Amino acid sequence: MCLGVPGRVIEIRDNLALVDFFGVSRQVRLELVDEPVAPGDYILNHVGFAIRRIPEQDIEGTLAMYQQLLREAEHDLMAADVQGELKGTRE
Amino acid sequence: MTASGTQRPDADVRELKFRDPARGAALAAALAKTVGEIGRAPVSVMHVCGSHEQAIARFGLRTAFPRGLDVIMGPGCPVCITDQPEVDEAVALARQGVRIATYGDMVRVPGTAASLADAQAEGAHVDVVYSIDQAIALAAASSEPLVFFATGFETTAVATAAAILAGLPPNFFVLSAHKYIPPVMEIVAEMPGSRIEGFVAAGHAATITGWGVFEAFVARHGVPVVVAGFEPLDILAALVRLAELIRDGARTVENMFPRCVTRDGNLVAQRQLWQVFTPIGGRWRGIAHVPNGNLRLLDRWSHLDARRRFAIDLTRLWDEAPSLLSQQCQCGDIMSGLRTPADCALFGAECLPETPVGACMVSSEGTCRIWHEYGVPR
Chain A
151 MCLGVPGRVI EIRDNLALVD FFGVSRQVRL ELVDEPVAPG DYILNHVGFA
201 IRRIPEQDIE GTLAMYQQLL REAEHDLMAA DVQGELKGTR E
Chain B
644 MTASGTQRPD ADVRELKFRD PARGAALAAA LAKTVGEIGR APVSVMHVCG
694 SHEQAIARFG LRTAFPRGLD VIMGPGCPVC ITDQPEVDEA VALARQGVRI
744 ATYGDMVRVP GTAASLADAQ AEGAHVDVVY SIDQAIALAA ASSEPLVFFA
794 TGFETTAVAT AAAILAGLPP NFFVLSAHKY IPPVMEIVAE MPGSRIEGFV
844 AAGHAATITG WGVFEAFVAR HGVPVVVAGF EPLDILAALV RLAELIRDGA
894 RTVENMFPRC VTRDGNLVAQ RQLWQVFTPI GGRWRGIAHV PNGNLRLLDR
944 WSHLDARRRF AIDLTRLWDE APSLLSQQCQ CGDIMSGLRT PADCALFGAE
994 CLPETPVGAC MVSSEGTCRI WHEYGVPR
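Residue numbers (the numbering used here), protein chains in the order written: chain A, 151 to 241; chain B, 644 to 1021.
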């Protein structure tokens, strides 16, 4: 419930960001993030809200772990939590 | 306490692969060396996050820990620490005909005698959601009252707060069982029999609170705290730092997750959290009464508060008693770091993910569920 999932911002509309999560585009609310977010930035999404902007130079390792989780396992416990985070965002 | 054995991997068999194998090996060596230098065994440290336990178990990290280091999961599963009476309130409302929406695992968590899934089987209207937004959409599409059974730590409570501040449909109400992590660390640190010499703080909760929130804790209890991320290398690096602090007798907070965590944390989120909630003492399932550990809606939001809006009828509970099995559940001691699932006679026998006796076997962030999925460490 606290793992979150990182994604790359494609577009901003008011308080919503259209975010790419490993090839899936979803909308994320921006009321909680404490820095201005722009297209190209990475954010950490938790239960439908961006809670942190992550500097691009620091994201590589994080993305690798999530990619591995999503790629390797269909019925994996941790991967299911990541999928749950994606389900919490708006289509 | 043997497992039922259904497709359960042995943890030692799970192959440990680091993204950067050389760095992983160097960190593992540094951890072994530092723990050895402490000169006593075992050295016990606690993390307070289900996602950390998932990563440790999923990636086989314990095989990289030295024998003298005990890494214990504490009260880091928000579903697991939601107390029976809180579940009872949601179940009672559901049985009274009020529609309930809540996060997935909450549905199967037992109250005193029943879960929301039991109420659902009796015909109650219970919806699983993955965000408060989805619950709001359900309410907006109907005129029927909907109660969002709001659970989770500060990471999730801030979402509830933001949604409330942004405005809700008039038929939307909140039953808050939100919890706040920093106070429970005090309780666990003070527990008689606790062997914890250092804490690993959860990176994403600290993203909200900031690492500064742990400074007073460290000053009071004299044990170091290290904030950690969730990748295997992050966790290993944090443990090396924590072992160094223990070895040196240093009583400080160290931030090993700077890409997400700052000293002050996310002030925008904190402002919204405290505009909506106030800390209040309450029980955490199986652990203790935790002063300031629960988050209650402020009086200005009483019109949204399900506890004030509805007469929650708990009288039916008078005729129901916890099952004999559930009285043997060790969840509380496990979440307090005093026992492990391997010490529980029910684990993997009567208590399985399909037929959970305790909350720790229900939630994907519960120690029992995680160990059942990924194997019992050696």
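Read the hints as simulated data drawn from the structure, not as lab findings.
Do not rely on the hints blindly, as some may be mistaken.
Derived contacts from chain B toward chain A, CB cut-off under 8 Å, selection only [claimed, not checked]:
1) 747
2) 751
3) 755
4) 774
5) 798
6) 850
7) 853
8) 874
9) 912
Quick caveat: nothing in here was measured; it's all calculated off a predicted structure.
By construction, the Cβ of each residue, glycine as well, lies at the ideal position given by its N, Cα and C atoms.
Each hint tested on the structure:
1. 747: Holds - the Cβ of residue 747 of chain B comes within 8 Å of chain A, reaching about 7 Å at its closest.
2. 751: 14 Å, violated
3. 755: Since the shortest Cβ distance to chain A is 23 Å, the answer is violated.
4. 774: 3 Å, holds
5. 798: 5 Å, holds
6. 850: Holds. Min distance 5 Å.
7. 853: 11 Å, violated
8. 874: 5 Å, holds
9. 912: 4 Å, holds
Going down the numbered hints, you'll see the structure goes against 2, 3 and 7, while the others check out.
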